[in-house]
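With the hints as extra help, turn the sequences into a complete structure.
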Amino acid sequence: MTDLLLLEEYAKVRRERDLLMESDEWLISRFRLPRHVLMDLCHNLDAYLRRNTRRSNPSPVQVLTTKGVLATGTFQREIGDRAGVSQPTMSRVMPDMLAAIKSLSRNYIQFP
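Mapped onto this note's numbering, the consecutive letters of the sequence shown carry residue numbers 16 to 127.
Treat each hint with caution, since some may be false.
To be verified - For lysine to any residue, the following SDA-like pairs were computed, each having C-alpha atoms within a straight-line distance of at most 20 Å:
#1 Lys117 x Arg47
#2 Lys117 x Gly88
#3 Lys117 x Arg65
Calculated directly from the structure, the hints in this document are not laboratory data.
Written as structure tokens, this is what we have:
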């Protein structure tokens, strides 16, 4: 019984980690964007990523986990572990995130 309580407590702590609360240097090294751009991106993509169920991952988690994979080339499992989500969840989130990013790409990608 104590083992079960420890696992539940670990899962709870894991899910409460807010990646946007990390230092600016850490965010740039992991996501290649400063905090204000990441927050703006989360805000703009929220409408595309919001689900009607309470079981879904918050939009910032979806944005940051996908951006982490794209920015570093790290495996989905590693990024998911840092953010407190599973690899299968990462696989489900990424196609929606990429479609949402594509729809907003003109706002963020500028060619000379």
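Structure-based check of all given hints:
1. Lys117 x Arg47: Satisfied, since the Cα-Cα distance of roughly 18 Å is no more than 20 Å.
2. Lys117 x Gly88: 19 Å, holds
3. Lys117 x Arg65: Roughly 17 Å between the alpha carbons, so the hint for Lys117 and Arg65 holds.
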